[in-house]
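> Here is what each chain is made of, one letter per residue.
Number of protein chains: 2
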Amino acid sequence: MESVVAGVDIGGTNTVFGIVSSEGNILARDTISTNDHKGPEELIHIVSNKIKELLNNLRTQIPSLHLAGVGIGAPNGNFFRGTIEFAPNLKWKGVVPVAEWFEKELSVPALLTNDANAAAIGEMIFGGARNMQDFLFITLGTGLGSGIVVNGEVVYGHDGFAGEIGHVVMDLKGRICGCGRKGCLETYCSATGIVKTYQELNPSASKETDARIIFEKALAGEKEANEAFRLTGEMLGLALANSVAYTSPQAIFLFGGLAQAGEILFKPVRESFERNLLMIYKQKVQILPSRLRESDAAILGSASLIYKMLEKSS
Amino acid sequence: MESVVAGVDIGGTNTVFGIVSSEGNILARDTISTNDHKGPEELIHIVSNKIKELLNNLRTQIPSLHLAGVGIGAPNGNFFRGTIEFAPNLKWKGVVPVAEWFEKELSVPALLTNDANAAAIGEMIFGGARNMQDFLFITLGTGLGSGIVVNGEVVYGHDGFAGEIGHVVMDLKGRICGCGRKGCLETYCSATGIVKTYQELNPSASKETDARIIFEKALAGEKEANEAFRLTGEMLGLALANSVAYTSPQAIFLFGGLAQAGEILFKPVRESFERNLLMIYKQKVQILPSRLRESDAAILGSASLIYKMLEKSS
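The listed protein sequences correspond, in order, to chains A and B.
Taking numbering that gives the first Met the number 0, the leading residue of the first sequence gets 0, the next gets one more, and so forth.
Taking numbering that gives the first Met the number 0, the leading residue of the second sequence gets 0, the next gets one more, and so forth.
Hints should not be assumed to be uniformly reliable.
Stated by the list, open to error - Straight-line C-alpha distance at most 30 Å; calculated DSS-like pairs for lysine-lysine:
#	chain 1	residue 1	chain 2	residue 2
1	B	K172	A	K181
2	B	K181	A	K281
3	A	K172	B	K181
4	A	K90	B	K283
5	B	K206	A	K172
6	B	K216	B	K181
7	B	K181	B	K206
8	A	K181	A	K266
These aren't lab readings, by the way, just hints derived from the structure by calculation.
Turn these sequences into a full structure, and let the hints guide you.
Written as structure tokens, this is what we have:
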């Protein structure tokens with residue numbers, strides 16, 4: 000019998016899902032729109048049926064295939080309750096019992112957490128944090144998400160909502176954040192943040208610009224684009240140095256579109272990080288690129304919630 | 000047989016120690032100078048002999064008394080190694096294997112951590128956090144110390160040095176800190192910090208002023224003294240709101256001289272805290288005074304390191 004796990008990532012636009020082997024291979028996958036349905040219950044019904052289809056197809060090659068569980072990553076996902084709660088990026092209202100619905104549809108255990116926590120567990124089970132007990136995982140996408148791992152476990156906090164480093168206030172008079180406050184880290188250090196920084200440096204730049212265009216301009220030697228990466232790295236390095244004072248991690252993994260810029264981002268991050276670290280932490284903490292492939296991370300991360308549970312119970 | 004634990008707190012000036020019952024009563028205690036000795040090995044030899052004396056005296060009343068272990072709190076104490084490392088407030092050089100020496104002297108297990116972590120465990124075993132799994136413990140003394148508890152365990156980090164919230168940089172161009180950097184939280188929110196704030200508000204104030212004098216002036220209605228508490232509370236509330244985004248604790252305990260100011264400090268802290276919290280955390284996290292008595296906390300906290308260990312192994 001070969002046990003596999005379903006990984007589901009519910010995003011603002013698309014819901015991606017797949018079947019993941021215990022070695023971290025995605026054996027099958029599919030994507031559907033998150034919002035073209037009557038509501039979340041219908042979405043979960045359709046995804047569950049598609050997961051059954053994927054499993055049936057795989058069974059033509061591996062007849063002994065057995066589904067051990069389904070892991071779900073979603074914005075504002077609450078690990079303790081298995082619910083998605085008041086997610087600003089989803090069109091659903093209130094508290095949605097997603098894990099419970101998946102358990103009913105698929106008759107296997109379901110675990111849910113936010114997407115950044117899921118990816119952090121993915122890094123721990125299948126990526127660069129395989130032998131680490133204490134690390135931070137930072138996703139640099141539209142916003143800045145984070146997963147904090149202490150003693151080999153994701154920190155969920157008393158209410159299941161720990162790990163919102165993107166909403167640490169860096170400047171009380173700073174940029175307006177989607178959360179309703181000002182100066183949150185993610186208003187500077189994210190794909191959206193670097194665009195804003197670039198536009199401040201270069202007011203005549205096209206309104207249509209995005210982080211990828213700025214990256215290409217920086218590679219081509221444009222001064223303002225390089226300066227935008229330097230300022231982003233400077234701020235992120237300081238925020239990460241402050242973060243070390245909480246949990247003293249062994250490493251910090253950077254993931255997401257912006258992290259793929261490579262040295263153009265990592266160099267100023269590392270310089271600012273080391274400069275701003277408290278003495279006892281200097282030269283001890285690595286800033287590393289995530290070893291999860293961008294296209295696989297959402298499914299792998301979600302599935303690893305179940306593999307992590309199986310690891311503990313074995 | 001009644002098991003008791005020795006608690007030792009090594010401070011910059013004095014070393015206090017005592018014998019603690021499992022109910023959290025200090026059955027006997029003593030204090031000696033930290034520095035009037037040839038070096039740390041002699042200090043630990045003398046303290047160990049005095050602990051033996053205290054035990055022998057107690058045995059005249061409770062003959063079955065049994066020493067289960069010795070817990071030690073000290074600046075820059077490393078839990079994993081049982082060492083005090085490069086402590087800026089102690090006159091010792093390098094890495095000092097304090098726990099090992101105590102184990103040899105007393106033939107019982109010895110555990111060591113920094114004083115704020117020890118007090119956090121004291122709050123968990125004997126104080127207001129008895130039923131809490133996730134909380135922060137903040138000491139407002141000469142500096143700002145912190146202990147972070149996640150899932151019922153102090154966070155030590157990969158190197159044993161986690162929990163230095165006092166050295167989160169609040170303002171890169173701010174006050175010079177003893178750690179060599181600028182704008183650390185403890186340069187504002189500590190007994191030393193409030194004196195500086197007060198002197199900035201009232202440049203003609205006596206150089207001799209201290210946090211207690213400012214407290215008394217504030218009670219007497221002096222505007223600058225009240226403003227100094229308000230500004231201190233404002234900054235601490237913001238820093239604590241940011242801290243919640245890491246570990247989402249159920250409560251934050253404030254301990255130490257400054258915390259004894261009561262509402263004059265707690266009111267502006269709570270107001271700033273709630274105002275600066277991310278929406279998902281609002282109205283969920285209590286800011287509470289520590290329930291450890293100031294005079295007992297150092298000994299109780301250190302001893303609770305051993306009680307915590309015994310709890311886990313039972």
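> Against the 30 Å threshold, does the CA-CA distance of K181 of chain B and K281 of chain A hold or violate the hint?
Between K181 of chain B and K281 of chain A the Cα gap is close to 16 Å, so the pair holds against 30 Å.
> Taken at face value, is the distance from the CA of K266 of chain A to the CA of K181 of chain A at most 30 Å?
holds (27 Å)
> Keeping to a limit of 30 Å between CA atoms, is the pair of K216 of chain B and K181 of chain B held or broken?
holds (29 Å)
> Taking only the CA atoms, is the gap from K172 of chain A to K181 of chain B under or equal to 30 Å?
holds (20 Å)
> Going straight from one Cα to the other, do K172 of chain B and K181 of chain A come out at no more than 30 Å?
holds (20 Å)
> With the threshold set at 30 Å, check whether the alpha-carbon distance from K181 of chain B to K206 of chain B stays at or below it.
holds (22 Å)
> Given the proposed pairing of K90 of chain A with K283 of chain B, does the C-alpha separation stay at or below 30 Å?
holds (25 Å)
> For the pair supplied as a hint, K206 of chain B and K172 of chain A, confirm whether the alpha-carbon distance does not exceed 30 Å.
violated (33 Å)
The structure is inconsistent with hint 5 alone, although it conforms to all the rest.
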